[in-house]
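Those sequence lines, one after another, are chains A and B.
Take 1 as the starting number for the first sequence in the working numbering and just add one per residue.
Take 1001 as the starting number for the second sequence in the working numbering and just add one per residue.
If you're looking for bench data, these hints aren't it; they were derived computationally from the structure.
Just to be clear, a hint being listed does not mean it is correct.
The calculated DSS-like cross-link candidates involving lysine-lysine, where the alpha carbons are at most 25 Å apart (straight line), are [to be verified]:
1) A:K60 to A:K44
2) B:K1060 to B:K1167
3) A:K19 to A:K77
4) B:K1060 to A:K167
5) A:K19 to A:K60
6) B:K1044 to B:K1019
7) B:K1167 to A:K60
8) A:K19 to A:K44
9) A:K60 to B:K1060
2 protein chains.
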Amino acid sequence: MMARTKRNPVQRRESLSRKRIIEASVEILDSSGEDGLTFSALSKRLATGPGAIYGHIANKNDLLTTACDAIVARTMKDCEFGATPHATIRALALSMFDAIDAHPWIGSALIRAELHSPMVRVQELIGQQIRALRVPKGRQWATVSALMNYILGVGGQNAANGQLARKRNLNRLDFLQAVSNIWLQLESTEYPFTRSVASQLPAHNERADFLAGVDLILSGVDALQQRRRSQNLAGETGVTATQLESKRPYYRGSRPRKGPGL
Amino acid sequence: MMARTKRNPVQRRESLSRKRIIEASVEILDSSGEDGLTFSALSKRLATGPGAIYGHIANKNDLLTTACDAIVARTMKDCEFGATPHATIRALALSMFDAIDAHPWIGSALIRAELHSPMVRVQELIGQQIRALRVPKGRQWATVSALMNYILGVGGQNAANGQLARKRNLNRLDFLQAVSNIWLQLESTEYPFTRSVASQLPAHNERADFLAGVDLILSGVDALQQRRRSQNLAGETGVTATQLESKRPYYRGSRPRKGPGL
DNA sequence: TAGGCATTGGAATGGCGTTCCACCTAGTTT
DNA sequence: AAACTAGGTGGAACGCCATTCCAATGCCTA
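Generate coordinates for the entire structure from the input sequences, incorporating the hints supplied.
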């Protein structure tokens, strides 16, 4: 029979490892952006060939997701807990906002990521705070979704703006001015709101506005909590089921692929 | 001198046009997914060569953004207005949710889109409702951001799940079961919340939960409005400025590119 | 020390977005 | 009516990329 004892799956020299590959990927992503991460660039930096990398990583998606997860994990470990659930959520939100700003590629990587991995970390921490706020079970999911999507959405948008500005060789202010001008040139009859916001755009503070949104959602949580308490309701669903027929029979498979098992 | 009379910029036969190209793109995207849209597939369908397309479209990004915009514009035109701003926002949210579900590629296209175009349409309609609710100027932007990011974020996530399920040849229920199982296998000490939600996952109703999130945010809007009224404040900023030093000097250009002028 | 096999790395592959340029045609000029 | 011309057209070609393949390598086990 063959060897069954495999304490270490072979540990050669300074050999390749998933960890080393991810570290190198993060370095490349941070220095050269998303487009900079290619298997040839990566293998050059690791002094090897592209083929070797595939011994440790499934494909580029895997690479991006894992790199993203590394940053998210690090961010959430360093994130300070606040005295109250509200404070903790705000702290987490700001940490994520800054992390995405510092590593803009996270934004798009989070989308590509397949359900588990990075998002779940965020979901968990927010969820714990939501539980601490005694939000009823039936509403927890929607509440966490609202917060998580806001944080990742606005964070990603902000980062995308930064990348766009860099591509155009503009600094923050010039970029916002340019956007403002474009918005001001829209049809005033069709775009009254956008035009009215346009002028405030260059002066606005991304982080302050970002936090204001978090507070808005949190105040919604509080309001529903208070209403529930004063009415002494079970409040399990909380959904007024309006227009709730789904229009399609949902998805049904056609094109088979391989990919790692979920 | 040369000809200056150019009534039509030349109209050959059934000639190519930006419109025809976008229509064909949408058809391909809907039938074959995001990966199916290639310039060779597109030019084959249009009975021409890839080069001809570049006379009307800048690049693939342009193609995707414009196709996305076409769907968003159509969706918002068909979207019914409600009796109240709340009702209108809910109707819009559901319309977008369904549109993204029907055209899953919109989700990723919206991210790639460069600031203007599709997002602005959504932003405008929500903004108009927010104004109708008499939210003070200083809070409008954060409010619209919260709603828009929630709608597009959750919608995109839902669509991504659908695509993932299709790729794995699973129907909705089996897919949710699989995700639920993965979540249940997480460390119970580290992931108490995620585990607690996992069991509810297969039974949950995406659209109901989605709407619940919209209502959550709207209730936050209402709560802040009532507080403002009862306290009779101007409430211009509404941000309690905690931890608001930005850590980096923001972005500063390095890599020049070409691309169409903003 | 000898053998075996997982790891390695570079060459090869197929496909993509994009560019290039010879051709063609509609509209203008003579 | 015939020649001209500018710009739309389409197919070939380019460079780059993710991914695969396989011969060579070197570590572990026996």
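If you draw a straight line from the CA of K19 (chain A) to the CA of K77 (chain A), is it 25 Å or shorter? 18 Å, holds
Would you check the hint for K1167 (chain B) and K60 (chain A), treating anything up to 25 Å between C-alpha atoms as holding? 17 Å, holds
Taking 25 Å as the top limit, are the C-alpha atoms of K1060 (chain B) and K1167 (chain B) close enough? 24 Å, holds
Would you mind confirming whether the straight-line C-alpha gap from K60 (chain A) to K1060 (chain B) stays at or under 25 Å? 21 Å, holds
For K1060 (chain B) and K167 (chain A), compute the direct alpha-carbon distance and say whether it is at most 25 Å. Since the Cα atoms of K1060 (chain B) and K167 (chain A) sit roughly 17 Å apart, the hinted pair holds (cutoff 25 Å).
Just to be careful, I want the Cα atoms of K19 (chain A) and K44 (chain A) compared with a cutoff of 25 Å; is the pair within it? 16 Å, holds
Has the given pair, K19 (chain A) with K60 (chain A), been kept, meaning a C-alpha gap of at most 25 Å? Cα-Cα ~15 Å, so holds.
Going straight from one Cα to the other, do K60 (chain A) and K44 (chain A) come out at no more than 25 Å? Distance ~16 Å between K60 (chain A) and K44 (chain A) Cα, so the pair holds.
Hint check: K1044 (chain B) vs K1019 (chain B), CA-CA at most 25 Å. Holds or violated? 17 Å, holds
Figure legend: structure checked against the earlier numbered hints; every hint is met.
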